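Chain Z: place on chain R using the hints.
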Amino acid sequence: MHSKMDDAIGILCCYVPNFLIASACCDQPGWTERPLALLGADERVVAVSAAARRSGVQIAVRAQAARLACPDLHLQPLNIQASQARQTAYLAALGEWELPVESQGWGLAYIDLNGIAHSTAAVQPLATDLGRRLRRTLGAALQPALGWDSSKFTARAAAMWAAPGRMKLVEQADVARFLAGQPISLLPLSPPHLQQLQWLGIHTLGQFAQLPATAVWQRFGAAGKLAQQWARGKDNRPVCGAAATTYPPVTVDIDPPTASLQPVMANLLASLQPLLRTQQGRMEGIRRLHLAYCFANGAESGSVLDFVYPVNQPARIEAALMQQLGAQPWPGALTSVRWTLLATGEVVVAQLSLFAAPASRVASLGDLARPLAERYGAVFFQAQQSNASHPLPERRSRFVDVPSLA
Amino acid sequence: MPAIRCRNGAAGLSMSRLWLEGEAITVHLDEQGRPTAFTWCKRLHRLLQVQQRWQVDVDWWSTAGRARREYLAVTTVDGLFCVIYQDLVSREWRLAKVYD
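Each protein sequence line maps, in turn, to chains R and Z.
All letters in the first sequence, in the order written, are residues 1 to 406 by our numbering.
All letters in the second sequence, in the order written, are residues 407 to 506 by our numbering.
Chain R with its partners taken away, still in its complex shape:
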């Protein structure tokens, strides 16, 4: 139950869908015509265009796997400087009101409207003004969708529901009704948990919210419990101006000192486990990690590990660390590594390719064939008989490709 104090809180979520792809296409307009995926520094896919996603390309896969899924894929390295510049311009435009702004990664940010606007009537002109300002700053290709509510999760769900250039303002009285119809995939649960929910027939936030809380806790742990509260419209996280972390630096002693990667990785990963467990419970992830290395010959060096999207999966962290440590010059045996958590963020909503979003009706043949036809060309044909007794097969009937029929 929300108190009157809670009701007074207003959070505006500003969301630019597929920010990295849209940003890349702004620089190279020709890229919009083909399925596009961007590769990060760890040589894994970090952003996927809608056409590539339909072909089965997923975030975090290697370039080769992405090409296997989509032979026509246009793979390009992520231009981090250009994207960063756009993100800075985006945040600067959001910060013009001098209200607390919390950046949650590429194209996603919350603005605390507490004390400024408490009703849709008051928020609407502000949101319109913000939308215009962002369009002026970033151009039409990067125009945001805006969502407003008294909690972060509902505001984000509203922003993701709205089309780019539109806004969805959810009044307190409408929160339950709005969330009930939203897909379960809006929750940043881990992919295995989301799959379990799909298998259990839980497709919407409304269905998830109605499950017994203890059962959800038992099956999905702390993250599941938190996710259910969000699905019920209860999210009391404040907007933090700077996503500061209070996790203390951790020094990992390598005993005996070694120049071999394997024991260093094992020690590092073991030391990261408690942090990752905590983050998984909060549905947060690491965005930036500083690593300081001490070598047996007295040499010291350091590096920063940046994740394009917050990550809390050990396998992803391991792959990135492996790549980072492999690229690092080792002047001698390593005696210790100190890591410091520099930035964290909300885990982005998982991309599930195995399950499509729950459809309200059975998809037509054309709907099913269209994405396949986009990938493979015209491969599905439907016969239309014109003269059943004609001696030539091509004049007995004609074949029309299915997507164009629908």
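Read the hints as simulated data drawn from the structure, not as lab findings.
As the structure is a prediction and not an experimental result, all values here were calculated from the model.
Any given hint could be a false lead.
[Claimed, not checked] Per label pair, the in silico range of CB-to-CB distance: (1) 494(Z) / 382(R): 25 to 35 angstroms; (2) 323(R) / 498(Z): 51 to 61 angstroms; (3) 401(R) / 437(Z): 41 to 51 angstroms; (4) 461(Z) / 50(R): 45 to 55 angstroms; (5) 401(R) / 487(Z): 25 to 35 angstroms.
Yeah, the Cβ is synthetic: ideal placement off N, Cα and C, and Gly gets one too.
Coordinates of chain Z only, in the frame set by chain R:
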């Protein structure tokens, strides 16, 4: 237009490939002008036997054009059973169907 796979038989398990517009092939003839082999997909298929032959001459009035063809149902040494035809207007040979 790519090949269209058609189900055959009561069980519907076997599939045949049908090219509606015909797949262009090169046919090798003997001195009497009888087909002895054809090349399809860069592979030579020697004819074992001509099982059946028939002619079609239709649609002289149609906007789709007159169709005047000689069809041959043939078996090949390498085990294909297929229908080939010669367009008697353009003199081109085409593969119409391969039974699997």
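Okay, the hints, checked on the actual structure:
no., hint, in the structure
1, 494(Z) / 382(R): 25 to 35 angstroms, "holds, 32 angstroms"
2, 323(R) / 498(Z): 51 to 61 angstroms, "holds, 58 angstroms"
3, 401(R) / 437(Z): 41 to 51 angstroms, "holds, 45 angstroms"
4, 461(Z) / 50(R): 45 to 55 angstroms, "holds, 53 angstroms"
5, 401(R) / 487(Z): 25 to 35 angstroms, "holds, 29 angstroms"
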